[in-house]
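*Asks:* The residues making up each chain are set out below.
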Amino acid sequence: MGLTLAQIAEEINGRVIGDATYEVSSVGTLSNAESSQLSFLSNSKYKKFLKQSQAGAIIVSKDMSEYVVTNAIEVDDPYVAYAKAASLLHPVKKHSAAIHPSAAIDPSAEIGSNVSIGAHVVIEPGVIIKDNVTIGPGCVIEHDVILRKGVTLRPNVTLCFGVDIGERTIIHPGVVIGADGFGIANDNGHWIKVPQVGSVKIGSDVEIGANTTIDRGAIEDTVIADGVKLDNQIQIGHNVTIGKHSVIAGCTGIAGSTSIGEYCAIGGGTGMAGHINIANGVQLTGMSMVTKSINEAGVYSSGIPVEPTKQWHKNVIRYRQMDKLFDRVKQLEEQDKD
Amino acid sequence: MGLTLAQIAEEINGRVIGDATYEVSSVGTLSNAESSQLSFLSNSKYKKFLKQSQAGAIIVSKDMSEYVVTNAIEVDDPYVAYAKAASLLHPVKKHSAAIHPSAAIDPSAEIGSNVSIGAHVVIEPGVIIKDNVTIGPGCVIEHDVILRKGVTLRPNVTLCFGVDIGERTIIHPGVVIGADGFGIANDNGHWIKVPQVGSVKIGSDVEIGANTTIDRGAIEDTVIADGVKLDNQIQIGHNVTIGKHSVIAGCTGIAGSTSIGEYCAIGGGTGMAGHINIANGVQLTGMSMVTKSINEAGVYSSGIPVEPTKQWHKNVIRYRQMDKLFDRVKQLEEQDKD
Amino acid sequence: MGLTLAQIAEEINGRVIGDATYEVSSVGTLSNAESSQLSFLSNSKYKKFLKQSQAGAIIVSKDMSEYVVTNAIEVDDPYVAYAKAASLLHPVKKHSAAIHPSAAIDPSAEIGSNVSIGAHVVIEPGVIIKDNVTIGPGCVIEHDVILRKGVTLRPNVTLCFGVDIGERTIIHPGVVIGADGFGIANDNGHWIKVPQVGSVKIGSDVEIGANTTIDRGAIEDTVIADGVKLDNQIQIGHNVTIGKHSVIAGCTGIAGSTSIGEYCAIGGGTGMAGHINIANGVQLTGMSMVTKSINEAGVYSSGIPVEPTKQWHKNVIRYRQMDKLFDRVKQLEEQDKD
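Protein chains in written order, with UniProt numbering: chain A, 1 to 338; chain B, 1 to 338; chain C, 1 to 338.
Treat the hints loosely; a few may be bogus.
Claimed, not checked - Simulated coverage check for chain C against chain B, where a stretch passes if three residues somewhere in it have a Cβ under 8 angstroms from a Cβ of chain B:
id : stretch
1  : 11 to 21
2  : 47 to 60
3  : 64 to 75
4  : 113 to 120
5  : 140 to 154
6  : 177 to 191
7  : 263 to 269
It is worth saying that the hints were derived from the structure and are not from the lab. All of these numbers come straight from a predicted model, not from anything done at the bench. From the three backbone atoms N, C-alpha and C, an ideal C-beta is built for every residue, glycine too.
With the rest of the complex left out, here is chain A:
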C-alpha cells in the first residue's frame, strides 16, 4: 500500500534527497507525522518545525531542503506537489458500480457504464447519466437532468429538472441546484411569482461545497464555468455567471444576474449586489460588500474588523458625527484665512 519516494517524486516532478527507496503510506502534518508518513512545508514561517519532524519524508521547495533532517523531495511548488502526492497515497474510495435496489429509477433514464447509484436515490424520467458517475444515497435527480462523465454526487444532493452537470464535477451533500430563482413582481402591493424558465449549466471539474444553492435562471441559464470551486453555504442567484477557474469561499451570496469574471478569488462571507460585473482576476477579501461593478483586476476589501466593544461604541458615534466634523474643519479653515 505504500509508495517509494522515487515513485512519488516521479509523479510530482520532484527530486529525492536521501533514500529514494523509502516507503510512505499516508500523509501527516510536520508536527505529528510518523515515520511512515509524508509531510510538506509550503510556508517558510513553519521552517522551525522541520528539525523536530518525525515524518519519513518532507516535500519542500529547493531553498528549504538543506534544513530537512530526514528524507526530502525537492519541488517547485510544495503545496501543489503535496496535493498530488496526497491524491496518490489517499485515492478516492471508488464505490462499486452497483445500483442499490431501493433506488427509484424511472425506466426512461439513460444510465452509462460503471455507474454507482446509492440507496434511496430518486431518478426521474429523461435523466441522462454518463459513464463513471457516482450518485450518493438520498440524492434526488429530477427529470431531464444530465450528469456528464465522471460526475460525483455525494449524499442528499438535489438537482432540479433540466440542470446540466459537467464532467468530473463533484457536488457535496445538501447542495441544491436549479431551485427557482427569487423572481417576484409587485402587483399592487402583493408579490406574484415570476416563472423561472431557465436552467443551470455547470462546467467540468467544478466542485460545489455542502449546502450551497445555485438557482435556475429566470429566462436564460445560470452558468458556472469549468474549473470553478465553490465552498460551503454559498448562495448563487438566478442568471449569475461565474467565469473559468474562479474560486469562492463559504457563506458568500451573489444576487441575480451578476457576472463574475475568470480567475477571481472571492473571500468568505462576501455579498454582491445583482446586475453588476466583476472583471477577470479580481480578488476580494472576506466579508466584502460589493454594490457596484469592479472593472479592473486587483485586490479589494471592505469592513472594519472587531475592536473591544467600548471602543467600538465610541467609534460608531464618532462615525455618525463625521459630517459635522467636516463642517467644523471648514469653518476653522475659513477663520484662518481671515
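Starting from the known structure of chain A, arrange chains B and C on it as the hints suggest.
*Replies:* For chains B and C alone, coordinates are given in the frame of chain A:
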C-alpha cells in the same frame, strides 16, 4: 401549445399593437428571443434593445410601444404583465396525483384528493394533507404536520412535528421548518437546553427558498404571514414574526423574537438582532446590520462598500484615529477662540 | 400528566410560595399562560406582566416573588430553573426502539440496544451505533461513522465517512458533517483538489442547528469539544477547533484552521478568518468581522448599524474623505503654530 397575442393580452389586461392573431409559445430575453417568443421591457434603460429584438412580440408600457418594431402588447406594468404571461406560457408541470409505492406513509395520516407524493417520502402519524398538495421525493413530514390546500413541497424538504403550512405555499429543496430554536440557559458555565415547545405557522401564498431554515418557537409559535416571500439560505430564529407581503432576500439572518412588519423589503445578507421590532414598510439595502428597532417606514442602509485593499487599510486606520481627530479639532477651535 | 409544584420545586431546587399541591401540565408565556400552565420571569423588565398573568404558577427569583399574585416557585436562576421544569413537563417524545423496514443498513454495522432508525435511512459498512441512539428518517450515515450513546439525529442529516459523534449530542435536520474541506492548490492558474484525509470529532452534549456544515480536516481532524452549542446555518471550515462550552449563533462562518477557545459566545453572522486563535472567554457581538487572533477574554464588536439611506450615503462619502481631513487638520495645526 402556443397562445395568440389576443389571448395573452386579455389575461394580462393589455392592448395588442400589431397582429393580434400572432402566436407565441415561450418567453425570451429582448436580446435572444426568437420569433416564436414573447419578451418584455420593464426598464427603459434597455430601450435600445427594442430595435434589434427578434422576439415575436414584446410587452411594454404605453410610452414605449412606439419604439417596438414587431408586435407589442401595451400594459400598465410590464414586469407584472410579463410574470402573468410567462405563467400562461410555462405552466407548472403538474405531477400526476399518484403516491409512489416507496413512500412510507403512516396509516393515520389523512390524505386529500389529487395529492402527489414522491418516492422515499416519509409521512408520520397524524399528518393532515389537504387536496391538491404536491410532495417532492425525499421529503420528511413529521407527526401532526398540516399541509393545507395546494401546498407544493419540492424535494428533500424537512417539516418537523406540528408545523402548519398555509394554502398554495411553495417550499423549495433543503428547507427545514420547525427545528428547535437556539434556546440555551447557562447553568454555572455549562449550557443546558431549553425545550422548544412552540411550533411554526406559515400563511398562504408564501414561498420559501432553498435551504432556508425557520425554527419552532420556544413557547409560542414562530409566524410567517400570508404572501411573504423568502429567498434561499435565510435563517429565521424562534418566535420571529413576519408580517404580510414582506420579502427577504438570501442569506439574511433574523434572531429570535424579532418582529418584522408588513410590506417590508429586506436586502440579502442582512443581520437582525433578536427582540426588536421593524415597522411596516421598512426597506433595508443589502448587508444591513440592524441592532435596534426601526419605528418608521423608510429606506435604511449600513456597511461600507469595497475599495482597493491599500486604501481600505489606510481608511480603517484613520477610522480608529477618529476620536483623536475630534480632540485635535476641538483644540484648534479653542485656540482660535483665544 | 401534570406535576405538582412541589414535585417541580424539588427538581429545580426551588421553594414553593402558595399551594404546593397545585398541578401544572405545560409551560406558557407570562402574557398568555392559562391556569394549567407554568410560566417564568427572568428579566425584571417584564415585572409588570406578573400582575395580569393567568399562569397557574410562576418561577421567579427571590426578589420578585412578592409581586406574584398566583403561586410562585422561588429559585436562584429563573431561566435555568424554567429550562429544567420545561424539560420535565415536555419530555422529548421517545421514538420506539424500532428499525424501519425501509432503512438500508449494511450487515456489518454494529447496532446497540434501544436504537430507533427511521424510514429511508442509509447506514453504510462499519458504522457503529451505541445504545439509545435515535436516527430520524432520511439520514445518510456513511461508512465507519461512530454514534456514541444517546445521540439524536433529526431527519435528513448527512454524516460523511468516519466522523465520530459524542454522547447525547443532538444534530438537527439538514446538517452535513464531514464533507471535504475547501482545500485547493493553484497549479499554474488551475485549481486542483487537495485530498481531505482528516475527519471530524464531535464531543458529548453538543447541539448542532439545522443546515449547519462542519468540514472534515485536511490532514488531522476538525474538533468540536464537549458542550458546544451551534445554531443554524453555521459553516465550520476544515481543522477548526472549538473549545468546551462555547456557543455560536446562526449564520456564522469560520475559516479553516482557526481555533476558538472555551466558554466563548459568538454572535450571529460573524465571520472569522482562517489560521487565527480566539482566547477562552471571548464574546463577539453579531456580525463581527474577525481578521486577527484575539488574545484576551472580553467583549468585541464591529460593524456600523443601519441609518436612513440618505445619511448612510453621506457618511460613506465622508468616510472615504477622512484621510484628506486628517491632512487638513494637520495643516491647520501647523498654521496655528506659526
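*Asks:* Taking 8 angstroms as the Cβ threshold, is the statement that the stretch 47 to 60 of chain C is covered by chain B upheld or broken by the three-residue rule?
*Replies:* violated (count 0)
*Asks:* Against chain B, does the stretch 11 to 21 of chain C show at least 3 residues with beta-carbon separation below 8 angstroms?
*Replies:* violated (count 0)
*Asks:* Taking 8 angstroms as the Cβ threshold, is the statement that the stretch 140 to 154 of chain C is covered by chain B upheld or broken by the three-residue rule?
*Replies:* violated (count 1)
*Asks:* Establish whether the coverage given for the stretch 113 to 120 of chain C by chain B is satisfied; the threshold is a Cβ-Cβ distance below 8 angstroms, and no fewer than three residues must meet it.
*Replies:* holds (count 3)
*Asks:* Tell me if chain B covers the stretch 263 to 269 of chain C under the three-residue, 8 angstroms CB rule, please?
*Replies:* holds (count 3)
*Asks:* Quick check: the stretch 177 to 191 of chain C, covered by chain B? Criterion 3+ residues, Cβ under 8 angstroms.
*Replies:* With 0 residues closer than 8 angstroms to chain B, the stretch 177 to 191 of chain C misses the three-residue bar; violated.
*Asks:* Within the stretch 64 to 75 of chain C, is the number of residues with a Cβ closer than 8 angstroms to a Cβ of chain B three or more?
*Replies:* Violated - the stretch 64 to 75 of chain C has 0 residues with a Cβ nearer than 8 angstroms to chain B, which falls short of three.
Consistency note: the structure conflicts with the earlier hints numbered 1, 2, 3, 5, 6.
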